[in-house]
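Colleague: Heads up: the protein sequence lines correspond to chains C and W, in order. Heads up, the first sequence is in our numbering, so the first residue is 41 and it goes up one at a time. Heads up, the second sequence is in our numbering, so the first residue is -8 and it goes up one at a time.
Bear in mind the hints are in silico, worked out from the structure with no lab data behind them. Take the hints with a grain of salt, since some may be wrong.
[Said to hold, decoys possible] Here are the simulated distance ranges between beta carbons:
no.	chain 1	residue 1	chain 2	residue 2	range
1	C	217	W	249	37 to 47 Å
2	C	217	W	278	13 to 23 Å
3	W	145	C	227	50 to 60 Å
4	C	264	W	292	50 to 60 Å
5	W	90	C	227	52 to 62 Å
All C-beta atoms in this analysis are idealised placements derived from N, C-alpha and C, irrespective of residue type, glycine included.
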Amino acid sequence: MFAYISRRLAVSFFILLAASFAVYVIFAFLPFDPAALTCGKNCNDPGIIEANRRRLGYDLPFFTQYFLFLKGLFFGRTFGEGAALINCPAPSLGYSFQQHACVTNLIGEALPVTFSLAIGAIVMWLALGIGLGILAARFRGRIVDRLSTIFVLIGTSLPTFLTGLLLLVFVVIRWGLIPFPSGNYTSFFENPFEWAQILFLPWLTLAFAYAALYTRFVRSSVIDTSNEDYIRTARAKGLSEGVILGKHTLRAALAPIATMAGLDFAGLLGGAILTESVFNLPGLGRLAISAVTKYDLPIIVATTLLAAFIVVIMNLIVDILYAYIDPRVRVA
Amino acid sequence: MAKVKKSTGIAIAAVLALAVVAGGLIQMSSGGSSKGGTITYLTHSEAWTHADPNRNYTGQHIAWFGSYMHRTLTAYARAEGAAGSDVVADLATDTGRSSNGNKTWEFTLRDGVSFEDGTAITCEDIKYGVSRTFATDVITDGPTYAIGMLDIPSAEDGSSVYKGPYATSGNDTAAYDKAVTCSADNKTITFNLKRAVGDFNYTTTYLSFSPVPKAMDKGDAYDMAPVSSGPYKIEKYKSKDEMVLVRNTNWDKKSDPIRNAYPDRIVVRFGLAEEVRDQLVLNDSEKNSMSLDAVLPTNLPTVFDDAGNPKAAFAERALNVYDPYVTYSAVNVKKLPCLDIRKAIYYARDYAGLIQLGGGAAFGGDPADGVIKPLMGLDYAKVTGLDEFKPEGNPEAAKKYMDAAKTACPDVYAKATDPKRGIYFDFADTDTNKKAAAIWIDSMKKNAGITMKFNYIEAGSYYAVVLDQTKQGDLSRAGWAPDWANASTVIPELFTETGGFPMSQNWGDPAYKAFKEKSDAALAEPDRKKQGKMWAELNQYVMDQMWVIPGVFSKTQEIWGSGLGGVFFWEPQGAPSFGDIFIK
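Next comes chain C alone, as it looks inside the complex:
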């Protein structure tokens, strides 16, 4: 197992290196000038744009820029001169002149928000989706199954921004069932109650959408597994339905769920853009979308790389978990 993980980590490193290069190439050839973009709204002086280009290192050859970017990850970088000198210590992902901060700091502030959002949401949707999916399969064709179908239809039809907005306007503002949060985000370690209070509706919004999909998936997976020969054998041996479901059916039926949940979780960590926007959560999704609309290249590169990193790592974790959940699968 150790050799397997080491091998996968080495491969992951090269995947990330390739991703960083690809992102850099893409942005190097986009039809806009990053030096002009940092120059501000009154800037129409080519001399200033050239000065900016030198200050930010955009006048250097492409490979030198890429090398400096990589070097910054390990040794940090400085930008500007005199009293306006900016120092971004390692691991430096550059400096955002739109946000007036080192990108690593911005990522460091946004990541816990998105992680908090994703972790709560996945717990909610797995509990709801798996629970409802099992019930729907167990009582196939009965009222629970039909209700779950309605839930699935609503959950998959409603876009998250609408669910979120409806929850905010009615639950918080109109009916006052939950007080309007006093801040946009509070760390779990600072105030766990406020942390949960701020994130409850965003969790619910995401859980509603994802749980619907998981309910449908778990239901069909459990039904399929229930028709397997070894389940029939277990039933013939006189095992109770509870034991059959808990020990035999679910173990096999839920294995694919681990893959699905891992990738969905990775996707969310990359940024739940709509949910973060509606609930005003300062997470990675909003950081990324704001950077895209402002052409804030250092942040775009950093968030893209981070998303790639998360997907690579989550894939690794899922593969390892898979082996534990389903004994038929062995690490190659």
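Starting from the known structure of chain C, arrange chain W on it as the hints suggest.
Modeller: For chain W alone, kept in the frame of chain C given last:
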């Protein structure tokens, strides 16, 4: 244990009683206003465009930061109506003393003025603050009047030989030291100007004439942590989250006759969804809050009647007034070098649809006939030659100009009518603007056969993007208000190459040379009446060339919670007088 609990209880009761008494004292009224509490401002923007005083330029931002944090040499009077445009002394003891035919201006600092850490504000701090304006590569987006007015030579490329305080080489600091001098006691600052500026003390109302402590300046990063010279200082400021201001204990009311400093705490909540922001105020869920953004048009009927007057429930917490702005669509003349196409766009536009989208004329304002508003008095004259204008669009006129364009400028015509290319319009990315885009697309296609496409830009960074000439589209939506009551802060700013807001990029137009000469002559004209006539003629010239598609002489609506008092519209800034708002 019980004894401990009892004594603790008594202590708590005593503290509470004291708090109530203290609270009563704090809430003590003075002339209808009261001190204490927390005012919350709500906005859809992710952060302030800038918090650095040298980079504040919009009226709302200047009004907000000028009320709470940044003091400057002079300021506008805190009064309703025209009286608000009077200049009063702020950090200075008076509104400035001019000599040398208005080419030299002197200001002396008051006693007892200090930064938030208690350090006394000196002439050198003002001088350093002004010097940052010259670092145009780092201190972006702010007004550049200091560069244009101070008597500092220009380099061969036309830029100033002084490059600001950060440049480490090729910088003529002696030239700056000669243009701006401090007295021996470090209390009096003198500005030597390259031309006569009779109203230079209006220029010094800009926060770019605020003091900045050199030791605390971190260039670009100062935007997130500016040092206060006013009644409040920053406790927290985080983009996409919030800004929290608390009292600056080193601010002395005796040295500041114009700021009230009513609340104890001021919070700005950034990044709220537009509907959520409006609903919080409309439902009065946050009684001590005020929206910093325009009310969504769909919510206007909840607040105002058809005539635009606040309904009874909102009589005390809504305003609908003419602001100093003129909205327009700047034509990028470099990309649309065809007068006939520009005219076709003007006549094809469904103005009525657009104004209706904004809630109708009662809320949107009146059709503009140029960039100078009638409120400007001397500088305004009705623009002629726009007789074919019809609010719902005039397809006959539009087609007439399109036909003319077919032969006069076939390349631009081909681009405008090609569904694959079309004319690109820059819009801030808001829900309302997307609906406006639909009206533009429809009316252009229907009335002139023009294909219009849209480039949506995040609202907070809209101007930073469109004023980048490499990024600007064919048309860009904009609004402008005079920096003070003279169209010298409108015409040259918008339509000359060295202006601060040159979105029309019209200096390649053959008509530009004559225009520039007349604009320079108007700037130098000492007779204010004659000067006003010249600005009106230049406004006509702009419309003859259709360098902008005029929008509206606009109105603005403000809403706030029932817990706030003292709100009035501060005309020179086109924003509420934030410093006068208190909690009832």
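Colleague: Are the hints correct? Go through all of them and say.
Modeller: Hints, one by one, checked against the model:
no., hint, verdict
1, C:217 <-> W:249: 37 to 47 Å, "holds, 44 Å"
2, C:217 <-> W:278: 13 to 23 Å, "holds, 19 Å"
3, W:145 <-> C:227: 50 to 60 Å, "holds, 52 Å"
4, C:264 <-> W:292: 50 to 60 Å, "holds, 55 Å"
5, W:90 <-> C:227: 52 to 62 Å, "holds, 58 Å"
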